[in-house]
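K.L.:
For what it's worth, UniProt numbering labels the leading residue of the sequence shown as 1, then goes sequentially.
Among the hints, a few may not be true.
Said to hold, decoys possible - The calculated DSS-like cross-link candidates involving lysine-lysine, where the alpha carbons are at most 27 angstroms apart (straight line), are:
hint, residue 1, residue 2
1, LYS310, LYS96
2, LYS96, LYS85
3, LYS310, LYS141
4, LYS85, LYS176
5, LYS96, LYS176
Keep in mind the hints are simulated off the structure, nothing from the lab.
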Amino acid sequence: MDSHTDDDSMRVGEVEPMPGYTGLVTRASTVMLSALRDCSACGLELSKRTLLDNAYITWTEIGLFFMCAVMWTQIRRGLTECLFKPFAQWCRLHPKDTAKMPESAWKLVFYTMSWSYSTYLLFFTNYTFFHDPPSVFYDWKSGMTVPTDIAVAYLIQGSFYGHSIYATVYMDDWRKDSTVMVVHHVVTLALITFSYAFRFHNIGLLVLFLHDINDIQLEFTKLNVYFKTRGGDYYLVHDILSNMGSVSFSITWFWFRLYWFPLKVLYATCVSSLQSVPNIPFYFFFNSLLLTLLCMNIYWFLFIVAFVAKVLTGQMKDVKDLREYEGEEGAAALLKAQQRLQSEDAGHLNNSAEGKHVQNGITKEKHL
């Protein structure tokens, strides 16, 4: 492209400034339309040939992926049965919160670990991808060696999302957006797998960093929601932390996923990629997946806007989990969990001398 020379001079000079939304839409649409016009020979046969010529992944790496996916599932089950559930029962959480708490605790542990590692790679090593996103495609070569530290990040994240597809269907409680969550995991796993095979691992690391922080804040907030009322008592500290977490979550969701993600990642993949590698393989395929991810981020942001609107209008007095249970299967699973926990902790759920009784796992005042 005619801007390739300008890009070369940019490498040895100052870092290219991050564009605004207008610049992103204008330049990306222009570049993508130009690439589409130049792709007159694109078709199934060319795609097959490009895939075979540029995709590099070994059977050993595939085997490690499945081993680690199974490992995450077993680790979660072990932590749930040996740590999370006993701790929730010891804290005398409500049965409905006891049923949900292990999922949030597990995700908080994993995402804290994974995001910390991504942060280390981007800010405490020689990688400059965050401050200079176009550099993710500098010196790109088909079949190039993936640095070991980034390969480890890919193995951790890819196997976790493989586990998450199974966990969302068979281990997690079904919620309003669980179907979208499964689609999200499939799209994310496809991005991770193909970006690794095509050696787009640099941009992949940046994508993972921009998304994992919100999962940490979400699970932290949900845990504090579960713990603010337990054993018949109210704990102000958890209420304060849940409100602080929800505010932080809302701000960082917009800043990381709706501001930095399109202006850093999508600009680099839509515009800078063709400037550095004019014949970059599967240009439209990867950008379509990233745009799908952006659409899902916008979809979930609507939940956040709805939550804020309810709080501001007084419809909601405190922070709650917006991803509530929905459907007969989810309700049945929750009911079974409640019944099991009620039988295990019958002493806690018995009628009290003060005239309280338990109905559907929620303590209410008895009106005579």
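K.L.:
Please go over all the hints and tell whether each is borne out by the structure.
P.N.:
These are the hints, each one checked on the structure:
no.	hint	result
1	LYS310 / LYS96	23 angstroms, holds
2	LYS96 / LYS85	12 angstroms, holds
3	LYS310 / LYS141	51 angstroms, violated
4	LYS85 / LYS176	24 angstroms, holds
5	LYS96 / LYS176	16 angstroms, holds
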